[in-house]
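J.: For this one, chain W is given, so just place chain E on it according to the hints.
From first to last, the protein sequence lines stand for chains W and E.
Numbered according to our numbering, the first sequence spans residues 1 to 235.
Numbered according to our numbering, the second sequence spans residues 1 to 299.
A portion of the hints provided could be inaccurate.
Here are the simulated SDA-like pairs of lysine to any residue, each with C-alpha atoms no more than 25 Å apart in a straight line [as the list claims (entries may be wrong)]:
| id | chain 1 | residue 1 | chain 2 | residue 2 |
| --- | --- | --- | --- | --- |
| 1 | E | K143 | E | Y156 |
| 2 | E | K295 | W | N156 |
| 3 | E | K16 | W | V218 |
| 4 | W | K70 | W | N156 |
Hints were generated in silico from the structure; no laboratory data involved.
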Amino acid sequence: MDLIRMRKVKKTYKNGVTAIYDLDLKIKKGQFVFVIGSTGCGKSTLIKMLYREEKPTSGNIVVGGLNVAKLRNSKVYKLRRKIGVVFQDFKLLNKNTVYENVAFALEVIGEPKNVIHEKVIKSLELVGLKHKANNYPTHLSGGEQQRVAIARAIVNSPKLLICDEPTGNLDPETSMEIMKVLLEINKMGTTIIMVTHDTEIVNKLKKRVILLDSGRIVKDFEEGTYNHESIKNFK
Amino acid sequence: MKALRILSRNIRDSFKGVFRNFSLSLASISCITITLVVVALSIVLSINVNNFTTLVEKDVTIVAFLRSDIKEEEAIEIEEKLKSLDNLEKYTYHSKQEVTDEMKESSETFKSVMDSWSESENPLQPTFEVKVNDIEGIGEVAKSIKNIDGVETVKYGEGMIEQLITVFNTVRKIGYGVVAALILVTAFLITNTIKITIFSRKREIEIMRLVGASNLNIKIPFILEGLLLGVLGSIIPIGVTIYGYNYLYEHFNGQLFSPFIKLVKPNPFSLQVSGLLVIIGMLVGMFGSWRAVRKYLKI
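Here chain W stands alone, though its shape is the one from the complex:
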């Protein structure tokens, strides 16, 4: 079954720049998808529309049964509760502890305290940071901060995890650690879409790869068919 369906999606920004042209895309439940392409190819716009930070100018986007293209601003939270988002710059609250940062996602939706505690600990365990629950983000390394961000994104057991260059600020070794965590999460059934520049990771993991160029999908490699040489023709 498709978790994401995009049909004839077009996005033109107010300044007249069109970032996405006539894009069709289907992503099945439980898939792990890389979105790659050079800077300015529309990767960010594409995923921003998925978590409804941007609205498509035309076309249809359905995420987990929700018509995202028609979602009103005041109802965006309904979508956000079903998905998790991870960014390059972590977006943690530095004045709150690791535990509080992760718990935040559950508190805003009104979960009872004991449920929050249980889920937060489970989530921190998964990313291997249970022992740092009472630390503040500023005392953690970049990789650890990103793991906190991932813990926060998945604490709500979302169907979809969107990652916008999660390893962009990290060294290769730490990046692989993050990827291991993400693969673990994917194994548990969460669909993951990851935008990245890191060809090494993409090469290694052999997942589905979508190559964007100038707002269009120029190549969609099924799982295992991607190799780094083949994309050179497009660059």
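T.: Okay, now just chain E, sitting in the frame of chain W:
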């Protein structure tokens, strides 16, 4: 249950927000404090002016002099006619005898002279003293009384009273205008200060949106925080009002310059003003936060 949990968290978060961003909170609080002190001063001043003018107006009396040789029955008839007048607060009748006795009592000289008068020689007139509800209609009431049969002359300080009313009305209007303008300025200042506070927490709002907080969920802690800032900011103005006004009242012995200008008693007046200050602080704080958060929410 769920809503209650969210609300209690919101309250906790609003306290956290105030203390974790203390330097910015302090900026908002001092802004609220300073403006509320000015508001308090102007409220105290304008209410005192209002009180004083009302007292003066209450003192204004119409005196209707009846014919000197009026008979008791005729006086009763006049009284009946008086009763039917609109805008009449109260009246008192002083018979010829009462007026005479009063004068005699007031001085020995009067007494000796007046004692020599026979009944028919007594030129004093029985009077009705009339007070009105609405001072602005005093001229009309006086005119109607004048038209009653048996009333010879009517006095109420014509000319001067009208002027007094005009002056007082102007003073009062200016007072209210100043208070209203100050409250508006306060609202504006506080809104802007809180905007800066919230601007520095744009990231927090962004993250809240990201993890699925509804707009209401985001707004409430900030609005509560504004309310809290308003309450904290009104503490010093309240102190100033209560202690300052009590001190002022004691110092001037309840009157300003002359017994003519009476100050409003500090109890419960200063408490009422304090209550008003808290309410203004809270409302303005909430309004400021609400405006500021709205800016960062896509609604």
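J.: Which numbered hints are broken by the structure, listed smallest first?
T.: 2, 3
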